[in-house]
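Enquirer: Sequence:
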Amino acid sequence: MLTLIWVAAAVALIPLALVFAWILGAGLPAVSWDFFTQIPAPLGQSGGGMANALIGTLTLVGLASCVGVPLGILCGVFLSEYAESKLARITRFTLDLLTSVPSIVIGLFIYALLVVPMRGFSAWAGAAALAIIMLPIIGKTTEEVLKLVPDNIREAGLALGISRWRVIMSIVLKGSSGAVATGVILAVARAAGESAPLLFTAFSNQFWPSGLGQPTPSLPVQIYVYAISPYAEWHQLAWAGALVLVSVVFVLNLSTRILMSRSGVVRAR
Numbered sequence: 007m008l009t010l011i012w013v014a015a016a017v018a019l020i021p022l023a024l025v026f027a028w029i030l031g032a033g034l035p036a037v038s039w040d041f042f043t044q045i046p047a048p049l050g051q052s053g054g055g056m057a058n059a060l061i062g063t064l065t066l067v068g069l070a071s072c073v074g075v076p077l078g079i080l081c082g083v084f085l086s087e088y089a090e091s092k093l094a095r096i097t098r099f100t101l102d103l104l105t106s107v108p109s110i111v112i113g114l115f116i117y118a119l120l121v122v123p124m125r126g127f128s129a130w131a132g133a134a135a136l137a138i139i140m141l142p143i144i145g146k147t148t149e150e151v152l153k154l155v156p157d158n159i160r161e162a163g164l165a166l167g168i169s170r171w172r173v174i175m176s177i178v179l180k181g182s183s184g185a186v187a188t189g190v191i192l193a194v195a196r197a198a199g200e201s202a203p204l205l206f207t208a209f210s211n212q213f214w215p216s217g218l219g220q221p222t223p224s225l226p227v228q229i230y231v232y233a234i235s236p237y238a239e240w241h242q243l244a245w246a247g248a249l250v251l252v253s254v255v256f257v258l259n260l261s262t263r264i265l266m267s268r269s270g271v272v273r274a275r
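If you read the sequence shown in the working numbering, its first letter stands for residue 7, the second for the next number, and so on.
Please note that a few of the clues may not be correct.
What the hints assert, rightly or not - Below, a list of computed lysine-lysine pairs in the DSSO-like style, where the Cα atoms sit at most 30 angstroms apart:
| no. | residue 1 | residue 2 |
| --- | --- | --- |
| 1 | Lys153 | Lys180 |
| 2 | Lys180 | Lys92 |
| 3 | Lys92 | Lys153 |
| 4 | Lys180 | Lys146 |
| 5 | Lys146 | Lys92 |
These are calculated hints, taken from the structure and not from any lab test.
Since this is a predicted model, take the numbers as computed values, not measurements.
Work out the full structure, taking the sequences as your base and the hints as a guide.
Expert: Here it is as C-alpha cells:
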C-alpha cells in the first residue's frame with residue numbers, strides 16, 4: 007500500500023513537472039530587463055514588455071484585498087464563533103455557493119452592476135470582481151482555522167471577565183493569525199491568476215494605467231491577448247508572462263505551506 011501511495015503521488019506530480027518544464031523552456035528566453043520595465047511595443051515593432059500589466063495586477067489585487075481580506079476574516083470569525091445562529095447558517099451557505107460560482111459569471115455580474123452604469127471599464131470594477139472571488143476562500147479558511155482553537159481557551163478568557171469580542175479578537179484570532187494568513191495568501195494567489203472576470207470589468211490597455219476609473223491592464227489578460235495573436239514575438243512574451251505568473255503563484259502557495267506548518271495547522275489536521 008505504501009508503494010501504491012508513492013506511485014500515486016508520482017503520477018500526480020508528473021503533470022505539474024511537465025507544465026513547469028514547458029513554461030520554463032518557452033518563457034525563460036523571453037524574460038529580460040525590458041520585460042519588467044517597458045510597456046508593450048506598438049504593432050510591427052520588436053521589443054517591449056509587460057511592466058504596465060504587472061503594475062495593473064498589483065493594483066487590482068491590492069484594491070481587492072482591501073475589501074476581500076477584512077470582510078472574509080470577519081465572515082470566518084462570525085461563522086466560527088456564532089455557528090449555531092440562523093444568520094451563520096445562511097452566511098455559510100452563501101459562501102459555499104460563491105465558491106462554486108464560475109469566475110466568468112462573477113465578471114458578468116460586476117459588468118452589469120458597475121461597468122454598465124459607469125459606462126466604462128475600470129480598476130474599481132476589476133477589484134470588485136476579484137474581491138468576490140477572494141471572499142469565500144478567506145471566509146472558509148478562517149472558519150476552519152478558528153474551529154481548531156480549543157473551547158477551554160475561550161472559556162478561560164471569559165472566566166477572567168474579558169468581554170466576548172475581546173476574547174475573539176485578542177485571544178482566538180490573534181493566536182491563529184499565522185494560520186489565517188495562509189487563507190489570505192491562497193486567496194491572493196487565486197485572484198492574481200484570474201483573467202475571465204477581468205475581461206468584463208477592468209478590460210485592458212497597452213499603456214500605463216492613467217487612473218483607477220480607466221481600463222486597467224493585468225498580467226493574465228495580457229497573456230491571453232498575446233497568446234491568441236498571430237505574431238511569434240508576442241507568443242514568446244506570452245510565455246514569459248506565464249512563467250512570471252506561475253512563479254508568483256508557486257511562491258505564494260509555498261509560503262502558505264510554510265506558514266501552515268509553522269502555525270501547527272498541518273499537524274493539527
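Enquirer: Look at each hint and say if it fits the structure.
Expert: To see whether the hints hold, each was checked on the structure:
1. Lys153 to Lys180: It holds: about 14 angstroms lies between the C-alpha atoms, which stays within 30 angstroms.
2. Lys180 to Lys92: holds (26 angstroms)
3. Lys92 to Lys153: holds (18 angstroms)
4. Lys180 to Lys146: With a Cα-Cα distance of about 17 angstroms, the restraint between Lys180 and Lys146 holds, given a limit of 30 angstroms.
5. Lys146 to Lys92: Given that 30 angstroms is the threshold and the Cα spacing comes to 17 angstroms, the pair holds.
Comparing the model with each earlier hint shows no violations; every hint is respected.
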